[in-house]
Every structure is written in structure tokens, then in C-alpha cells.
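**Q** One letter stands for each residue in the lines below.
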Amino acid sequence: DGGITQSPKYLFRKEGQNVTLSCEQNLNHDAMYWYRQDPGQGLRLIYYSQIVNDFQKGDIAEGYSVSREKKESFPLTVTSAQKNPTAFYLCASSPGARANEKLFFGSGTQLSVL
Amino acid sequence: AQSVAQPEDQVNVAEGNPLTVKCTYSVSGNPYLFWYVQYPNRGLQFLLKYITGDNLVKGSYGFEAEFNKSQTSFHLKKPSALVSDSALYFCAVTAGGLTGGGNKLTFGTGTQLKVEL
Chain F
1 DGGITQSPKY LFRKEGQNVT LSCEQNLNHD AMYWYRQDPG QGLRLIYYSQ
51 IVNDFQKGDI AEGYSVSREK KESFPLTVTS AQKNPTAFYL CASSPGARAN
101 EKLFFGSGTQ LSVL
Chain Z
1 AQSVAQPEDQ VNVAEGNPLT VKCTYSVSGN PYLFWYVQYP NRGLQFLLKY
51 ITGDNLVKGS YGFEAEFNKS QTSFHLKKPS ALVSDSALYF CAVTAGGLTG
101 GGNKLTFGTG TQLKVEL
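Chains as they are written, first to last, in the working numbering: chain F, 1 to 114; chain Z, 1 to 117.
The reader is advised that the hints may include incorrect statements.
[Unchecked claim] Chain Z stretches covered by chain F per the calculated footprint, using a threshold of three residues with CB under 8 angstroms from any CB of chain F:
no., region
1, 18 to 30
2, 44 to 55
3, 70 to 78
[To be verified] Label-pair restraints from in silico Cβ distances:
no., chain 1, residue 1, chain 2, residue 2, range
4, F, Ala-81, Z, Lys-69, 40 to 46 angstroms
5, F, Arg-98, Z, Pro-18, 32 to 38 angstroms
6, Z, Leu-56, F, Gly-3, 44 to 50 angstroms
Just so you know, these hints were derived from the structure itself, not from any lab. The C-beta atom is built at its ideal place from N, Cα and C for all residues, glycine as well.
Same shape as in the complex, but just chain F (with noise of 0.2 angstroms):
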């Protein structure tokens, strides 16, 4: 998974609670992504970006917000609006934003809802 670290690896959820998933990377890279991994879906966007200050929804963005504010972080926070955050989060990165490039993924946080 090397130069992406993804914090905690383990997170609970509270009713009504916000919670943020850490991203960071030391791989110099552009672009960055969150997918959310629910068993025998695959991997589902969340958010995108491209470069630094700017950002996109993917597929699935409601309930969720991002920031990236800085090259090698992007956080994702879990708002209460999410109903079913129960998953395997993971984030990856890309050095730019090309379709024959390669992502690079951390090592995932998995949330749970107590």
C-alpha cells in the first residue's frame, strides 16, 4: 500500500455523529480519490480530486464531504445525513488524472455504526 496511510483502521459511528477518515500520501500525486467497498458490491466513488483546492462527487457523495486543502491530505468526513455508513473505506491516488494510470490505494478504515 506504500505512501498512502489511511487513519484509524477501525472507527465507530455514534448515532448523530460527524466522524472524519484521515488520507495522506507522500507520493507526490494530483489526483485523489475515496471509495466506499460494501461485500459483493465492489468499489463504489465518493468524492474526487484532481488537484489541490478543488474537488468533485462521485457516484455516491450524499452524506459525505471532503476538503483538500493541502496536496498530500484529503479527509473525508461522515456526516449524520449518512443512513448506512457501515463500510470499508479506501483511499487512493493517482499521479495525475489519466486513464491508463494506475491507483495507488491505502489500507483502508473500516466504520461501523454502534
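Knowing the structure of chain F, use the given hints to seat chain Z on it.
**A** Coordinates of chain Z only, in the frame set by chain F:
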């Protein structure tokens, strides 16, 4: 809309035997195809990709994949499976020639590979 199908939820194979994990895709235009592997409670790791050129693509850990345009398939193969190959494998596709990286990728639902002694 583009899509990926991995028709088998699980593939079982004996160590030393060849393995195949199937993937078919649908995309407008030329496809860019990827295989990733995920070990338990870990992120995905890149195995190989097809962009253009030779239909047989070689990747990490002895894996290879064959691009078949007429059958719209990109099956992952390995001549001799190892117990350590047991993991979850994802196929992904995007339309070639467009800008956009991971935001344009469509992933399959994954195939669990189990290699037994």
C-alpha cells in the same frame, strides 16, 4: 454506460494447478482494463493493465491476462497457483482516450480466489 462483470463469486483451485479468474466488460470505444488484488483488511494492489498493443499482458507475481476484443473479455490467469494467491480479485475498466483516471473507473464486484493444498 460502462460495466464490468465477474461472473464467479469464488474460484477454488488446487496449488500447482492453473487458475483463471473471468472478467467481461462493456465500454464505448477502446477499453483500458485493469486487475487489482485485495488481501484481507487491506487496500487494493495493482496487478496489471491493458492499454494497447499485445493482447497478452504480464503483471506482478506471475499473473497474466489476455485481452479478447471480440469476446469483450480480460481473463486473469496464472500457470501454477500458490496458496498465497488466495485473495479477492477485482477487474476494472475505463474508456481509453478520455481524460479522467480513477473517477472514470468501473470496478467489478470481485472474485474470491481460494487456493488449497
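**Q** With reference to the structure, classify each hint as holding or not holding.
**A** Evaluated hints:
Counting residues of the region 18 to 30 of chain Z whose CB falls under 8 angstroms from any CB of chain F gives 0; the rule of at least 3 is not met. Residues of the region 44 to 55 of chain Z with a Cβ under 8 angstroms from some Cβ of chain F number 5, which satisfies the need for three, so the listed coverage holds. Beta-carbon proximity to chain F at under 8 angstroms applies to 0 residues in the region 70 to 78 of chain Z; the threshold of 3 is not reached and the given coverage is violated. In this structure the supplied range 40 to 46 angstroms holds for Ala-81 of chain F paired with Lys-69 of chain Z, their Cβ-Cβ distance being about 44 angstroms.
Range check, Arg-98 of chain F to Pro-18 of chain Z: about 34 angstroms between beta-carbon atoms, so the 32 to 38 angstroms window is met. In this structure the supplied range 44 to 50 angstroms is violated for Leu-56 of chain Z paired with Gly-3 of chain F, their Cβ-Cβ distance being about 29 angstroms.
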